[in-house]
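Enquirer: Start from the sequences, fold in the hints, and give me the full structure.
Here are the chains, one letter per residue:
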Amino acid sequence: MNKSLLVKGLRLLGFAAVFLLVLIAADFFLVDTDSVAALTIREMQQADDIQLAIVGSSVVRDHFNEDMITRETGLSSFSVTAPGAGFQTFAAITEELYKKNTPELLCLVLEPYNFNTAREDPEPSYKLMPWLTGLGTRVRYYAANAKIDGYWVDRALIFRDFPARSLSAFLKTVRMHIDPAGTFAEIQKGLEDVRYMGRGFLRHEKTSDLSDVIRQQMIAERDEGYDFPLLPESKEMLLAYRDSVEAHGTRFMVIISDNHTTHALAEPDYLRYMQHLMDFCRDNGIECYNLYFAKEEFLPNLDSFFYDLYHMTGEGADLETAAFCRLLNAVCTGEDVSGWFYEKTWQYRESITWITNAWVHPGEDGVFTVGCNTGSMVTPEYRFTRVAPDGTKTLLSDWSGEKTIRADLEEGENLLLEARLAEHPEQDPVFFRYPADYDYALEHADLY
Amino acid sequence: MSLSLLIAASLLCALLYYLCPARMRWLLLLAASLLIYAYAGLRGVPFILLTSFSTWASALYLGKLSEAHRAWLKEHRGELSAEEKKAAKARSKARRRLVMLCCLVLNFGILALLKYLDPLLSVWTSRSLGLLLPLGISFYTFQSMGYLLDVYNEKTAPERNPLRFLLFVSFFPQLIQGPIARHDQLAAQLTEPHEFDLDAVERGLLLMAWGFFKKKVIADRALPFVSEVFGNHHAYGGAVIAVAVLLYSLQQYCDFSGGIDLVTGIAELFGIRLAPNFRRPYFASSLGDFWRRWHISLGSWMRDYVFYPFALSRPMSALGRAVRKSGNAHMARALPAALGNILVFFLVGIWHGAQINYVLWGLYNGIILAISALLEPAYKHFGEQHAALSASRGFALFRILRTFLIVNIGWYFDRCTRGAEAFLMLGKTFFQPGLVQLSDGTLLSLGLHSYDWRILGIATLLLFIVSVMGERGTDVRSFVLGRKLPLRWLILICFLYFVVATFVGEGTQSSGFMYAVF
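Taken in order, these protein sequences are the chains called A and B.
Reminder that position 236 of the first sequence reads as 269 in the numbering used here, one-by-one numbering, no gaps.
Reminder that position 122 of the second sequence reads as 248 in the numbering used here, one-by-one numbering, no gaps.
Since the hints were derived computationally from the structure, they do not count as laboratory data.
Keep in mind that the hints are not guaranteed to be accurate.
Claimed, not checked - No more than 20 Å apart at the CA atoms, straight line, and that leaves these computed lysine to any residue pairs for SDA-like:
hint	chain 1	residue 1	chain 2	residue 2
1	B	Lys-610	A	Gly-42
2	A	Lys-41	B	Gly-608
3	A	Lys-36	B	Val-327
4	B	Lys-554	B	Leu-564
5	A	Lys-36	B	Asp-325
6	A	Lys-36	B	Glu-328
7	A	Lys-41	B	Leu-607
8	A	Lys-41	B	Lys-219
9	B	Lys-610	A	Leu-45
10	A	Lys-205	A	Ile-181
11	A	Lys-41	B	Tyr-144
12	B	Lys-219	B	Ala-283
13	A	Lys-426	A	Ile-438
14	A	Lys-41	B	His-320
15	A	Lys-41	B	Glu-328
16	B	Lys-610	A	Phe-48
17	A	Lys-41	B	Leu-618
18	A	Lys-436	A	Pro-462
19	B	Lys-281	B	Ala-140
20	A	Lys-41	B	Arg-603
21	B	Lys-190	B	Pro-288
22	B	Lys-281	B	Tyr-187
23	A	Lys-133	A	Ala-50
24	A	Lys-41	B	Ala-140
25	A	Lys-328	A	Glu-414
26	A	Lys-36	B	Asp-323
27	B	Lys-200	B	Gly-189
28	B	Lys-610	A	Ser-37
29	B	Lys-610	A	Ala-50
30	A	Lys-41	B	Leu-564
31	A	Lys-41	B	Gly-189
32	A	Lys-41	B	Phe-605
33	B	Lys-610	A	Leu-38
34	A	Lys-328	A	Gly-396
35	B	Lys-190	B	Arg-221
36	B	Lys-610	A	Ile-438
37	A	Lys-36	B	Val-474
38	B	Lys-610	A	Arg-419
39	A	Lys-41	B	Trp-615
40	A	Lys-41	B	Leu-331
Expert: Next comes the structure, spelled out in structure tokens:
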């Protein structure tokens, strides 16, 4: 090889190396930042006193009051929140956790729908990758995600799919890298209903009326053939995760987190999947507690504390944390807690003694059909009213078990469905308006 | 075949090419071409083999007939009268013509059958035979037939090695959408063992990046808007339709010329230079000039194998003589050329597809060119009368804009799927503009958000600057690669970063090359 060619070749390689560095820098700085996620990750990376790690997605951040846990259990606790739901993300953030800590106990909090592949939720890798430390952790995380969905190029170029779209977004990312706590303190000033309490706990004070959300949910969550298979990869990942945690001498347990009851009832496969997950844990000797299946005397239903279908306000978090502490204290002292939970899905379904939500679907020739989510022992009854644009109501059908109604709606009119427990006239009915709620729900379905 | 796969395969092939012994390199190119073609669709392989073999054999036979004729003449030198020589020549020519016509009918017949049978059937029945067009069939058929005609006209010697000829037909970079190469320009380059030249490779890579930029950053980003407006034109006013046509203009140019830049760059990795297919067509000062800058290889093919044979044919010569007798010398020259233009563009329209909109588009261009040819003395007279005005920059700009307008009116017919739709959309553009849709957010709701518009704006500005530099005679690649290292790297890194950050991925929005389906 002549000298000139060698020099030119080295120059080309040099250019490629510089360009690669530019791309890597872009992946760090020219991306949007989930500031809460970035803050909690950085705080966790700096802590070295974590005795109890609660690992999971945003429910961990919102539902577990770390001060209370530390006070009630005596274990220095931290909510290790992955910015998303993919299992690979849990594994990566746990790897970060073990760089400075070896907790005595690790609770992996799973929501059934999120215990799945990276394809279910590709965003976490964009939110987490810039905040990981160490080449090995990054490469393992990248490969774990990309080998499942095949997006090898996309995942290497985070700034393409998750870009900082403004100068302020770019500056926020840079500042979060330099001074996460100080930067978030400034961000905190603009947040009215949310307060970061430290140790990974984010307290929501907002108490909103969920009725609209519920009305949207039954459209967004109606069964459209989406299934929740317990994928072989998921099983493998859970076992590998368990093994890696136990290899550090940490006690491992799975907590299945509760969402709003509507969510559990809206899709037939949801509860079945949850049961499969519990059975899988039992068969593999993994401690597993399902907060959905908690009996009233241990954990009362917390539906009224949800500010959306998945997350609770701080008040609800306090109640859930209190129950969680009782559970931890009991299992750590070897107490038998099996009586605190329903064992089977049918028992849980029987325990739901109310109607969570109802809706109508339009059919042909102006015929509407009712759907509703209830416990398995509940008998609902319905009332249909036509509501004119000026609010005038015309009763079409009084309370009965009839599930269909014919209503030729004029422009601007709504069909009002009300549903309540049969023979319980004292109960406030749940309601649904067609087309107002239906259209709104369809329009916003992608929010869920 | 996805673009990323084509690029990856090309880079790998280039690496293997230079590792391979020099005399085997063309065989590696052939193997890679056939492999890539087979990967793109196994069903197309028999067709390309048939075209290659039939053309190769026919051309070889044509060559043998010519040799035999010459040998016979040599053998009987001094024995033959002029009439006997003439008769022998006519016999030889008739035989050669028969061979040439058989091959033409076979290959254009296959092309016509695969391309037009289904659309024509759908006019009369609802049936479809589900015929799939093999990748690049138009391009390799035209290329092969051009070669055949060159051999027939004894401009080129026939290729004796069938594998070398197969490589000429199937060379993978140009197979997708051209350019339609000439045998005397390309064949020798393909089999010549090129030595590794890093400068040439760098230039090739830069051209590939530029082509990728045009295709994936501009064309594919504009696509959703164009598809939406042309697909639902009833919902939009003329102003939005006009914006869609302008975007289509941009999209089509960047898609086609971007693809050509990419394949030209790939060819340069192997030291092979393909003929240029575009020369900044939107700077054209007339429609004729436009077609000399747009899809140059098809234009020159049509000129050499359709236009001249038609314009110089006996009936056209007779027509010219008849007109000349009436005393109009210009008309005697221009009329055959005008009719030739109409025929050529009618065929170009048909080449795009059997649908009536393509025929209308072809006739629209052909008729305007014909009128221009016939009115040439009037233009000349105007130029002489207003010499200062004609030479002014303002007039040059006016001519460019006028040509741009004429071309864009043609795109209505090219992009619509039905002729009536094109007229409807044209009518709306001029008479029902619905200007309010330009400012009420409609433009941001048709597949392009403000972020996309910004990217399109920046990318188009960059394209414009580079085009102006090219138009002024600057070789932009040499200009960039000739800068001092820090500036060169800065320019390249900024450009490549922009491309990487903004290219449209191969998902729902993106498309294959538009001309790959022709």
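Enquirer: Run the structure past the numbered hints and jot down the numbers of the failing ones, going up.
Expert: Structure breaks hints 8, 10, 19, 23, 25, 30, 31, 34, 36, 37 and 38.
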